[in-house]
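**Student:** Chains as they are written, first to last, in my numbering: chain A, 43 to 301; chain B, 43 to 301; chain C, 43 to 301; chain D, 43 to 301.
Calculated directly from the structure, the hints in this document are not laboratory data. The reader is advised that the hints may include incorrect statements.
Just so you know, same-sequence chains aren't split out, so a pair can sit in one copy or run between any two.
[To be verified] No farther apart than 27 Å at their CA atoms in a straight line, the calculated lysine-lysine pairs in the DSSO-like style are these: (1) K178 / K248; (2) K255 / K117; (3) K60 / K274; (4) K255 / K62; (5) K98 / K248.
Predicted model, so just to flag it, every value in this text is computed and none were measured.
There are 4 protein chains.
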Amino acid sequence: MSETIASGDYVLLFLDEKRKWLVRVREGEVLHTHKGVVDLGSLMGMPYGCMVKSSKGEEFFVVKPTLADFALKAKRATQIIYPKDLGFILMNLAVGRGSRVVEAGTGSGVLTGVLASWVMPEGRVYSYEVREEFLKVARKNLERMGVMDYVELKNKDVVEGIEEGDVDAVVLDMATPWLVVGHAYRVLKAGRVMASFSPTIEQVQKTVLEMEKVGFVDVRTYECFLREMIVKEGRTRPESFIVGHTGYITFGRKVIRDI
Amino acid sequence: MSETIASGDYVLLFLDEKRKWLVRVREGEVLHTHKGVVDLGSLMGMPYGCMVKSSKGEEFFVVKPTLADFALKAKRATQIIYPKDLGFILMNLAVGRGSRVVEAGTGSGVLTGVLASWVMPEGRVYSYEVREEFLKVARKNLERMGVMDYVELKNKDVVEGIEEGDVDAVVLDMATPWLVVGHAYRVLKAGRVMASFSPTIEQVQKTVLEMEKVGFVDVRTYECFLREMIVKEGRTRPESFIVGHTGYITFGRKVIRDI
Amino acid sequence: MSETIASGDYVLLFLDEKRKWLVRVREGEVLHTHKGVVDLGSLMGMPYGCMVKSSKGEEFFVVKPTLADFALKAKRATQIIYPKDLGFILMNLAVGRGSRVVEAGTGSGVLTGVLASWVMPEGRVYSYEVREEFLKVARKNLERMGVMDYVELKNKDVVEGIEEGDVDAVVLDMATPWLVVGHAYRVLKAGRVMASFSPTIEQVQKTVLEMEKVGFVDVRTYECFLREMIVKEGRTRPESFIVGHTGYITFGRKVIRDI
Amino acid sequence: MSETIASGDYVLLFLDEKRKWLVRVREGEVLHTHKGVVDLGSLMGMPYGCMVKSSKGEEFFVVKPTLADFALKAKRATQIIYPKDLGFILMNLAVGRGSRVVEAGTGSGVLTGVLASWVMPEGRVYSYEVREEFLKVARKNLERMGVMDYVELKNKDVVEGIEEGDVDAVVLDMATPWLVVGHAYRVLKAGRVMASFSPTIEQVQKTVLEMEKVGFVDVRTYECFLREMIVKEGRTRPESFIVGHTGYITFGRKVIRDI
């Protein structure tokens, strides 16, 4: 009824809801916390779900990371996309196992990794990023998620063009998505979906306008909010301070008017 | 650059944002709308993304359905889970391709199908439902989504027990989830996540209490809101009437205290 | 411990949360409902809070209307401003008893009436409305609220100018507020607040830009959401369908840079 | 077109949206900020809306405080009620100029002051608070707002009873509102409204249950959210971090079943 932790595994160390660490298990590695030092090498051979004590006797649990954990604990080159938005994007693309997806920009690679988890192992994510230093961070995050084999990181400016063709989805998370809408339309399979994530209204307005112009239909923009409900006996209430805005998500479907 | 529509395909017919139909392409089948009749047989051999005219000359586009489309257009035996919640649940489970997941109840089968799409083809979803008439509806929806091969529908009362063991996730969407938390803990692999979706606070309170009692940690409850932003030149604004509440989503991780 | 209902009083007849009527008590007047006829004349001399039976024996309660009731039950010439927004606007103006306020447009007169209730009896609301038919509706609503003596309805286009000077607040609820921002700045007392209510982002963008240009500081825009929580034993939950958007509210303070 | 600042006036010093101070103008008083010292005595005789320079040459504007400013800048003995909630409560009470209102507990006196501003000068607010140290803070805040003459602060436990009778509203903001619902019903005029503000669901559940039991009708609970929209040319977006929850507001109307 349990899996064994192996060398090289990324595990989540859980102290309490506010304090979790995503770490790699390896001989000789340790995690320093204000609650003492945790010997990560000692976890090898232990079952997932087990408890481990720090040098100060504090109890940590060792659990399997989820995609949300990989996202929230990612090394950050840029603002990340949150799990609420990642999941919603996935649900609204017409992709599945084996699909080929173009993404730009790579940023911290969180969305890249979630897309790769969805299309792997036959599928591929082609991810464009003009800033090389972001690609280094993204590669690190993708290796942690174990999906680097299904991703092609491309240090190119997507505004100049998309090299792939006949892809199942195009997903944009960049400052000027409207400049790539034409390329997206060209390389996307007809009948499929492109998505764009943007923090500001003006980005959305320009992108929607361009999408409608080049021939996308069913162009819709959403905002997704998340609020934790603190459930405690006799004191149940929503959390007091929350993330009020991450970004708007726009979807559109490529159709062909003249066949 | 285009895929061809085949007999048996489920396609989405798009008229405008408010009017879309999920239909099956087959010789002799037609769709009746207030905008005229669409000959579904005539779509065979056409490319995805194409336009088709109804008997009244109205233009419909034929596109690939997304998981969100399958969810929103599902035949309904029960209240469905919305795409915003479906995606968020996926992100917070520790599952992937090949995982084995227990779900209860099946309801309309929407969550079942999304889970199956995620774990297929090696993985399995074992879905419990006590009401046989729901299973009929769910089977229909799962066949549409093309994932019936990866699902085992079980006409059993999950409150009496879960027959599988060593599973990667347990997901509950039922009236009395707290009665199943003990079973869930027992059959779940240590270090993995269970999730529960409930519309009311009292369901959440009982479930959280029980989860903490049997040994889940990192028990958290969320509410996810979605609002469309209507983007039109000079008249951009959020939509006036929205879904204000679907349900609360609770997650917890199984740990083992005494090894 | 009770007040007596008099001829001419506006009262709220309460059947259940979804069915309430704002009616005037007068000899010979009746209210027709699907639950029977209520004799409004019979209420004279009865105490507030009493129960009255319709011709079908259905029980209605007779209560004192609140400003929220007057707002929600107003005769509508235009979209009304909701109580959540009305109250928030009041809190952010620098006005009180005796203040003089300019408003445009009058619309259905709901905001006019709330402002008048706040500044009465010494204060005044000067309300501009270019469409005469709106003024008729507004007058009706203001008479119901009993504040017509403290309001001056002006059938003029506020874009052409504001005739009052030295006022304590300017409040705009109109299609083109940015065209009135200059006038508002001119007639407002220094150190006081102007407010503008608009449904669309573009209106807000133009208005904020103009406000910053003419010399307002602390220019802030808010959106206020309201959701009912349905509290029932064992079934407590937020309401399923809600108003997702009414409008954005912008405030700014007039300052003088060159003294 | 301008009012003159007098000794004893409370004014708002505005540096930018995040930095505002509510201060009293008096000979010899100064405000210390990280942007230098402001001589408050020098403001006497200056017009509202004027600019004043700190010792470091930084520019501050001097404006009239709003009720929202008094609320947000109040000295805090307890969690305050926010302007969005204050305004919404006002709109839903059946009170106006001259009304008599009972409130408990006084807390920091913010709601007390807003109620007093609404019913003054003929009306009165009777405010119960069991903790004497809170009353000291409240008195200070009420004096700032200039409404202490219309408030009677009572250092008594409202759970033991309400001494007034025939009041126009009862407003509760306390840990155990359900214990006071019976008293509230007794002293409230029939046909009028009581309100209760509580952060947790359990408080709301007990209070609603008790209100329905003693004879209130139209018992409704709301949650009010506020989000700022940051409006900047080309970068308009909702604010990133917001207050996610302050409290639930419950209203009910007293009716008499047996007359």
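**Student:** Decide, hint by hint, whether the structure agrees.
**Tutor:** Evaluation of the provided hints:
1. K178 / K248: neither (30 Å within a copy, 42 Å between copies)
2. K255 / K117: neither (37 Å within a copy, 34 Å between copies)
3. K60 / K274: Cα proximity of K60 and K274: one copy only (16 Å, versus 32 Å across).
4. K255 / K62: For K255 and K62, the Cα distance is within 27 Å only across copies (21 Å; inside one copy 46 Å).
5. K98 / K248: neither (55 Å within a copy, 34 Å between copies)
Hints 1, 2, 5, counting from the list given before, are not met by this structure.
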